[in-house]
Structures are given as structure tokens and as C-alpha cells.
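Colleague: In case you want the letters, here they are:
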Amino acid sequence: MKNRVFSVFVVLFLSVLILLPLSITFLLSVVPAWGQAIPNEFGLIWWKAILKPAYVKAVFNTFVVAGLSSICIIVYGIAGSYLFSYYDFIGKDFLFSMILSPTYVSCTVVSLGLIVAYVPLRNTLGMMILGNFVIVSPFVMKYMHSSMSQISKDLIEASYSLGSSKINTFMKVILPLSRHGILAGIILSVGMCISALSIMLMLYNAEWITIPIYIYLENTTGTLGIAGVFSTILIVVTLMTVYLVDYVSEKYGRF
Amino acid sequence: MEDSKIGVKVENLSKSFGSDQIIKNLNFKIMNGEFMTLLGSSGCGKTTTLRLILGSIFPDEGKIYLDEEDMTDIPCHKRNVGIVYQNYALFPHMTAYRNIAFGLEVKNEKDIETKVQNIMEKLNILGLEDRYPNQLSGGQQQRIALARTLVVEPKVLLLDEPLSNVDAKLRYELRSEIKTLQKSTGVTTLYVTHDQEEALIISDRIAIMENGEIIEVGSPGDLYFNPEKEYTRDFLEIVEKKLENLEDFRKKRGKIR
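Here the protein sequences come in this chain order: A and B. Here the first sequence stands for residues 1 to 255, numbered as in our numbering. Here the second sequence stands for residues 1001 to 1257, numbered as in our numbering.
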């Protein structure tokens, strides 16, 4: 009985520990001025404030940067997964592990490397897209590759033997059969690019400030209400992304 | 059979994977319309030989001729060689109809619907058009796989242990159907199996394989009654143990023919 009570207590404590920051983020967005420990006034002034052009532009920028980055990431992810799943070449395993290596390295380190390696792109939209590409594409590639490489080689051979070319086999057999991995990769890519902060902070251009950067900047100036609104938007987008990944994997992951 | 053209000719074929030589200087011919079986224990190189003829892998040395045309360097999708796998390899995202029509659609054939209906009728699978592979039994899946391969009228039909995944009763039925279909379509067929009894019953000729080489080729009767090689005698001996006597063997073979 004692053990049971202790377990419940630990679970509750951990839940509060994890959920408290998220809940307070939402509270920040609906409390006009947080002067005392427990707020006594609620309102939507911060939600109305984000309709100002500068904030709307941040939202627009976020989706442009995330959209353009995701297009590059998805094309690369599909092409790379196909290459690593169906072709054999010397150094394949080594190259694959190298491509995945940014997943194990800090975003800050990768950003620093990008700034030094691609000087002409410094502080441009191109650099922001490249940053997202380098950080996010390995995760997307992992998803897509694991899905594509599970397709039985016999199915591919059967398609060829029926007169289907490589392109036709890719379009009619490989893509449909790996669609759950590809869809999950697309959703993951959009979700990660929208909420990327650490890499964007190192690489951003003043014309292309995104929501996560705004949250950070607002936080440093003490304007927590706007930061709360943007954070809530990001939490909702992230939760929707996670839900969509699960839904897509569940729905299309089985035949 | 002696006067007919050669359907498949394999000349000095060799294939290695890394340092392992799987196929060693392989030579054999299959006459047009003939049903030949590659018989050997697991890992002897039967499936590799099949995949070399299919064109999904290429030999290190040697030549492959189909209808007396050199196909050694021709890719799989241009060879018109059909294959039926042990695991059926049906496209899981397509219905039975779409699976069968796949090859015809790829080739932009006319009267696809009629051709699909005809082959489905021949294989007694009408009514399964809208079912997905996971809604079909093993036997039904194997029939769909056969229909999908035969509907495009391949030059050569390759069968890679197609009856290994079905129960004994169904195996007997399908064995008979395969033989009947092969006779009626006249398609040159290479059958791969490790089942001695199956090979003796279904084949026109059998090639015994061991360690990437063909040990002996002959008709089922020749190999069964007068094997030249010790290995063939030992390998086929098990059939006598399975069947009570030679009369049983003749009866089984008679039913198929």
C-alpha cells in the first residue's frame, strides 16, 4: 500500500513538473499584467496584440522559412532514402551514418559550422533554410528510410518483371508502400522547422524573424504576454504535429 | 521437344557475392514449352540462378539467352520473364484485380478488363477482384500471383518454390493446376524446389544442383531409375522412403499429366 501511494505521488509530481511550464505559458497569454503570485485579471489583449503587422509578419516568416526548408528536406529525404534503400555502393554505411550525424550534435555547434563554412550566405534567408535542412533532414531521412527499406525486394522485382520501369516502380509501388513514413517525415519536417529556435537564433536575418526568435526576444525584454501567445501557438502546432504523426503511422502503417 | 527452339540457354554462368562463389560455370538449356526444374538443397544456388535469368542481378561471367537472343545485359523490366515467388509478392496496396492488371497497364495493352477476366476464370478466382491480398487465403494469393504473371504472356515463367507456403492438400491441387496451365499456355518454365517428390512429379526434365553447379540433368524417370551420379542417387533416395513403392510414384505422376 505504501509503495502504491509513493508511486502515485511520484507520477503526480513528475506530471506537474512537466505540465506546469506549458500551463503557465498559456496563462501568460491571457493575463494582461502578472504582478502578483496568483493573477486576478484575465483578458485577450496579448492575443489581439499579435495582429500588429510586425507580429503577423513573424507568423508569415515562420511559415515561409518552414515551408521552403521542408520542400528541400522532403525532396532530399525521399531521394536519399531511395538511394540508401535500393542501391549498393562502396562506403554506403559510412556515408549514411555521416548524413545522420547532425542528429547527435548540438544545433549550436552545427550553426557555428554553417556560419564559418558558408560565409557568403551569412544572415540570409538561404542560410536559415540551409540551417533547417542540415538539422532536420537527418531526422526525416531516418523516418523515410526505415519505412522504404522495409518494402520487400520481391515486390520490387515482381514489378520489374511485369515490365515496369524504375520510375514507374518507384511511383506505383515504392511511394505508395512507404507513404506512412513519407507522410510522417513531412509532418515532422514542418513541425521541427516551425519551432526551431537554437539554430535560427544563430543564423537569422533581421528581415526574416520567426516566431521562436520573437518569443526569445520578447522574453529578454520582459514582454511575456506576446511570448506567451506565440508559445501557445507553437505548443498547439507541435501537439498537432505529434498527433498527426501518430494518426498517419496508425492509419497507413498497416495493410 | 528435340526439334523445338531453345527457350532458355545459360552458358558458362558464374556469380559471386563478395568472396563466395555462388554459381560456378553453369550450363543448361530449356526447350521452348518445356517444364524444367532446378532441384537441390537449400543454399545450392537455385534462387540465384533464377534471379540471374530474371535479370534482377547480373552474372560476373557467362551468357544468358532467351529465345536465342542474348539477354545477359538487358535489365529485368525489358526481358519479359515472369516470376512467381514463395511469398506470392502481391502488391499489398492493390486489389486482386489491380495486381493482375498491373503488367498490362504498364505495357498499355488493350482489352485489359477482358484479359484479366479470362485469366481469373482460368484460375478459378473470379469474384475476388475487389479483395486486397490480406483478405485472401494462401491458395488464393498464389493463384492471383500466377494470374498476374501469366496474363502478360511472358517468354519464360520462373517459379521460386511457389508451393512451399501452402498446406499439403492445396499443394497437390496447385501443383496440378500449374502443370495444366503450363501445358495449355506452352510457356517455357523453370521451377525451383528442394522437394524431390514435387520435382519428380511435375517436371519434364530435372537439373540436380549442388554447390552452384549442375550435377546431372535428365527426365524424372532417368534420374529416378538410372541416376549416373552418386549424389543424385542419394538425393532422390528419400522419395522412396516417402512413397510406399514405385507404383505410388507412377500413380502420382500420372494424375498430374
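To be clear, the hints were calculated from the coordinates, so they are not data collected in a lab. Small disclaimer: the values here were computed from a predicted structure and weren't measured. Among these hints, one or two may not hold up.
Residues on chain A that point at chain B, a partial pick, calculated with CB under 10 Å [unchecked claim]:
1. Asn3
2. Phe96
3. Lys153
4. Ala158
5. Ser164
6. Asn168
7. Thr169
8. Arg179
9. Val237
10. Leu239
C-beta atoms are modelled at their ideal positions from N, C-alpha and C, and glycine is treated no differently.
Colleague: Each hint should be assessed against the structure and marked as holding or not.
Modeller: Hints, one by one, checked against the model:
no.: 1; hint: Asn3; verdict: violated (45 Å)
no.: 2; hint: Phe96; verdict: violated (19 Å)
no.: 3; hint: Lys153; verdict: holds (8 Å)
no.: 4; hint: Ala158; verdict: holds (4 Å)
no.: 5; hint: Ser164; verdict: holds (5 Å)
no.: 6; hint: Asn168; verdict: holds (6 Å)
no.: 7; hint: Thr169; verdict: holds (8 Å)
no.: 8; hint: Arg179; verdict: holds (8 Å)
no.: 9; hint: Val237; verdict: violated (30 Å)
no.: 10; hint: Leu239; verdict: violated (30 Å)
In the structure shown, a violation is registered for the earlier hints numbered 1, 2, 9, 10, in ascending order.
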